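Student: From first to last, the protein sequence lines are chains A, E and Y. Sequential numbering of the first sequence, starting at 1, is according to our numbering. Sequential numbering of the second sequence, starting at 1, is according to our numbering. Sequential numbering of the third sequence, starting at 1, is according to our numbering.
Hint data in this document are derived by calculation from the structure and do not stem from the laboratory. Computed from a predicted model, the values in this text were never measured in an experiment. Fair warning: there could be bad hints in the mix.
One copy or two, it doesn't matter: identical chains are merged, so the pair holds either way.
Said to hold, decoys possible - Listed next, the in silico SDA-like pairs over lysine to any residue satisfying Cα-Cα at most 20 Å (straight line):
1) K256 with G172
2) K256 with Q8
3) K240 with S383
4) K240 with S349
5) K240 with T382
6) K256 with F362
7) K240 with E177
8) K256 with T205
9) K240 with T56
10) K256 with E218
11) K240 with R138
12) K240 with G30
13) K240 with T181
14) K256 with P290
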Amino acid sequence: MGQQHTAQGSVAPGFENVRDELEAVASLEGGDYAAQLVAYHHGREVVDLWIGPEITGDSLTGVFSSTKGAAHLTLALLVQDGAVDLDRTVSHYWPEFGAHGKQDVTVRELLAHRAGVVGADTGFTPEELADDAVIAERIGGQRPYWRPGTAFGYHALVIGALTGEVARRVTGTTMRELFETRVRAPFQLDFFMGLPEEHEHRFLTTLPMRPTPAQQAELDAAATGPDSLTGIGFNRNHPKAAELQELPNIPVIRAKGPASVGGVASARGLARMYAAAISGLDGAPPLLTPDTAAAVGQIHSAGHDLVTRSHKVFALGFTASAEDYPVLGQGAFGHSGAAGSEAFADPRSGLAYGYNRRRFAFPGGAAPENGRLVRAVHEAATS
Amino acid sequence: MGQQHTAQGSVAPGFENVRDELEAVASLEGGDYAAQLVAYHHGREVVDLWIGPEITGDSLTGVFSSTKGAAHLTLALLVQDGAVDLDRTVSHYWPEFGAHGKQDVTVRELLAHRAGVVGADTGFTPEELADDAVIAERIGGQRPYWRPGTAFGYHALVIGALTGEVARRVTGTTMRELFETRVRAPFQLDFFMGLPEEHEHRFLTTLPMRPTPAQQAELDAAATGPDSLTGIGFNRNHPKAAELQELPNIPVIRAKGPASVGGVASARGLARMYAAAISGLDGAPPLLTPDTAAAVGQIHSAGHDLVTRSHKVFALGFTASAEDYPVLGQGAFGHSGAAGSEAFADPRSGLAYGYNRRRFAFPGGAAPENGRLVRAVHEAATS
Amino acid sequence: MGQQHTAQGSVAPGFENVRDELEAVASLEGGDYAAQLVAYHHGREVVDLWIGPEITGDSLTGVFSSTKGAAHLTLALLVQDGAVDLDRTVSHYWPEFGAHGKQDVTVRELLAHRAGVVGADTGFTPEELADDAVIAERIGGQRPYWRPGTAFGYHALVIGALTGEVARRVTGTTMRELFETRVRAPFQLDFFMGLPEEHEHRFLTTLPMRPTPAQQAELDAAATGPDSLTGIGFNRNHPKAAELQELPNIPVIRAKGPASVGGVASARGLARMYAAAISGLDGAPPLLTPDTAAAVGQIHSAGHDLVTRSHKVFALGFTASAEDYPVLGQGAFGHSGAAGSEAFADPRSGLAYGYNRRRFAFPGGAAPENGRLVRAVHEAATS
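The shape of chain A in the complex, shown without the other chains (with noise of 0.2 Å):
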């Protein structure tokens, strides 16, 4: 019990609060809560912690949508190579795109959830959902749910496939081989896009989460059909639909790695990625410049978000995090994903976040106790 509660791992000095917070978040979860929690600040790590049966900080989980934050960093390396153009059209750079009314849809505007087409009229299957190239393909011909220009949505399971496509077109190369050679790699990141064979014996299944029974009611009482738009954009449409908490689970998934939730990673690849991103690691200059990471953690989208059917801020091919974490920085860009995992770049403080769970938290998403781990890092950081 009391050990269970116990983290694992160091803090620089000055973080000994974030470890506190942390083992009382476990105290509030317990039974088997497991997670990782690191960061970084100015490019060097400050917190390396981990907690609970079974986690260490070498196991890696899947982390669902924070893979869009790896994917999106990649894009935005071609951005500022001058290779794509934000205020392009997408169907210029791939013309399929273009049908039924999504002919002036730009790049930046896919980037912010706008383009309308969330999912596949009839879903998929897991193998298809693995597969990039299968996404982009059946829904670039499709007619978006809402019109392009009027509204915003969550393009949950499918964005990285689309933009991804953006970038297959441009580079002839796939958006995970291209985040493996340009960040993953250099960096000997612990986020795959993709897990290799010889990592497997790392990954932790990701566990279903255990409501009570008033937060049952709760996501009763939100419950949507799969033929409705949030239904269709968590792919619930398919009769052979896995449900969203069992993707990682899925070898398939977990082998390929689509970009837009197939990521693979400990706490540690999530906060190295994006202290690579806006600070640098072990001398190697940060990836983005000033300008270019301005350019993706400026807003572009706020208020209703048509498919989570909630209030959203969107940066660019990021959420705009500090709308999260307010104590953030304006600017901050991340992704967190479904099963609770957070991860962001806070230029501001010059802080980069990880943190990683194995049990999906209430009510999906963002686990609630990234607020107050968020606080204490902030706090340590700037005090």
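Since the structure of chain A is already known, use the hints to place chains E and Y on it.
Tutor: Positioned in the frame of chain A, the structure of chains E and Y alone reads:
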């Protein structure tokens, strides 16, 4: 008592629970609750029920804004024919509409409640409100209450006059006549835009809302002045304005049947119209091609509605019904009415639904009981 | 006690209940509550009241953002003259503003809080904040915090400097001088953008908010970091930033009177200005034609405000006052201030309203008591 809460009419095998649900609603509503509920599945009638004193399956009541569904199904036919281009400006068809900064408003934007001319600066008498030509002329020349392109708001009492004027300029025929010729007569729908004298004997007056003290307090707290945007939108700014709930009870309104709110129908008429639209009836093909149905079901406005002062999601001249009833499929389109009526087509499930009640429901608009009734019908249709 | 809650001054016949309401507010507020309330109806003063210790009808206090009403009434005159075209880009008049993706932002969009430059990346000292030229130069060259065209947010401390720079480029004269010459001096308004030494003896310092413990908890729960978008928007990101509530108490702010928040006025000054705008005073015609009044009262932004993190509706450089006080008419325009002041013109009823209080109200912005006071004034005017 018990008798009053026994539904009359019939349901197809498998839809028995719909009757139970309607009776459960009646038992909760009590008193003089009188309603009709009809549903079609892939063009086949599966529910035809009525309940309560005085009412039968043949009774007609004012369906208020459900009339907009009739008007905009008619307009969709003109779009399908190629006679009206959604992306042309309204002023292309109707030059006078271009005044005061409205010259760039498209037919699409008008249908999406984005044009900003939600009422008349000085309001309408009931006689004026009965006459779409008067409404169109009065409003066409006005300054919009918000800058077109920046917001949207429900054009509650006038949108049918404005879209009808577009139709009239293009065809030389009024919306009422177009609806009669192309939609009502071919299917002998019990849905009239302008009630002929020979059907008057089937008309039941709308009865006023009977709010509880708590409901009245809620209404009072949300009250708006007659000259507010909401007041203008519901024509409370004319000294001789009729109460909204009295509109169908005023003979001239009922007789002329203005295209925004003047329709008179039974639930059979409502449901049959949407079945004709997406499934066809009695061997006739559907009025709308799948492509046109998808075009009018596409979401065009989502967020804060400046007139109703609440969150709304509009498709193209219709509401996006699945936003209100998330068991339905993406692309469902229809329209509720102020007294509590609801009607829609759900192309993904093949359902067409019509519900009508005689006494105004709290708080106005689609009556809350539609939630459970829609669920019951959809469950029966898809299980 | 009793004395403290007795209002001084006069009301026209029929407006007696306004005095009762103000006294009722004072009795609820208690302690050192001190306020002024003035109203005009069709250009005639109908309410001139003050209540509480130290204050008289001649007292002046900082009116914070109600200053924006003075600035943008001035700008409206330039638009009415044809000197400024709302649909031209800001960079047409002020080329340096076009940097970093702002080249297409129009004057209209700037006035509607849509430009995205809500503060300075590194904040302002109080001396800098007092000088609109410094603000304009610093911010004009910045990257917007959101993509212009996709969102809006309150430019709390800077909008007057930006619109003022447009006015200065066009006329060669500062906003302050334009206001003085064209608005303040002709009507001898007790409303100063830059308080002259000879009026200093009438100035009462703004007193800080005194939240209850429950209110403090609410403020704490909504707290945002100094580098968040909200923090930047309220200039909490400068190490030497003054507390917002202290601004008018800082001599240089009061003396220079920056056009966003630096104004000093009595309620007489507030109300008289709006009466001059729409009704005219003392035989002079109204400053604004009905057409210009309608143009500035037209809604331009509605929904989620990224800076205040709340629902807002803006007209053109003003707030759409009827959204906050729905007894008012469509087209009412005005501006509240952080300490609790409120002021507006309601063209449909002919009302002009000014309210001022000395102690900062919870939670900041238009004080809640304006709700009942506006209702009382409007009811007296229209019955």
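Student: If a hint holds in the structure, say so; if it doesn't, say that too.
Tutor: Structure-based check of each hint:
{"no.": "1", "hint": "K256 with G172", "in the structure": "within (18 Å within a copy, 60 Å between copies)"}
{"no.": "2", "hint": "K256 with Q8", "in the structure": "neither (31 Å within a copy, 58 Å between copies)"}
{"no.": "3", "hint": "K240 with S383", "in the structure": "between (52 Å within a copy, 16 Å between copies)"}
{"no.": "4", "hint": "K240 with S349", "in the structure": "between (45 Å within a copy, 18 Å between copies)"}
{"no.": "5", "hint": "K240 with T382", "in the structure": "between (49 Å within a copy, 17 Å between copies)"}
{"no.": "6", "hint": "K256 with F362", "in the structure": "neither (27 Å within a copy, 53 Å between copies)"}
{"no.": "7", "hint": "K240 with E177", "in the structure": "neither (29 Å within a copy, 48 Å between copies)"}
{"no.": "8", "hint": "K256 with T205", "in the structure": "within (16 Å within a copy, 64 Å between copies)"}
{"no.": "9", "hint": "K240 with T56", "in the structure": "neither (34 Å within a copy, 44 Å between copies)"}
{"no.": "10", "hint": "K256 with E218", "in the structure": "neither (34 Å within a copy, 47 Å between copies)"}
{"no.": "11", "hint": "K240 with R138", "in the structure": "within (17 Å within a copy, 56 Å between copies)"}
{"no.": "12", "hint": "K240 with G30", "in the structure": "neither (34 Å within a copy, 44 Å between copies)"}
{"no.": "13", "hint": "K240 with T181", "in the structure": "neither (34 Å within a copy, 45 Å between copies)"}
{"no.": "14", "hint": "K256 with P290", "in the structure": "neither (32 Å within a copy, 35 Å between copies)"}
Of the numbered hints listed earlier, those contradicted by the structure are 2, 6, 7, 9, 10, 12, 13, 14.
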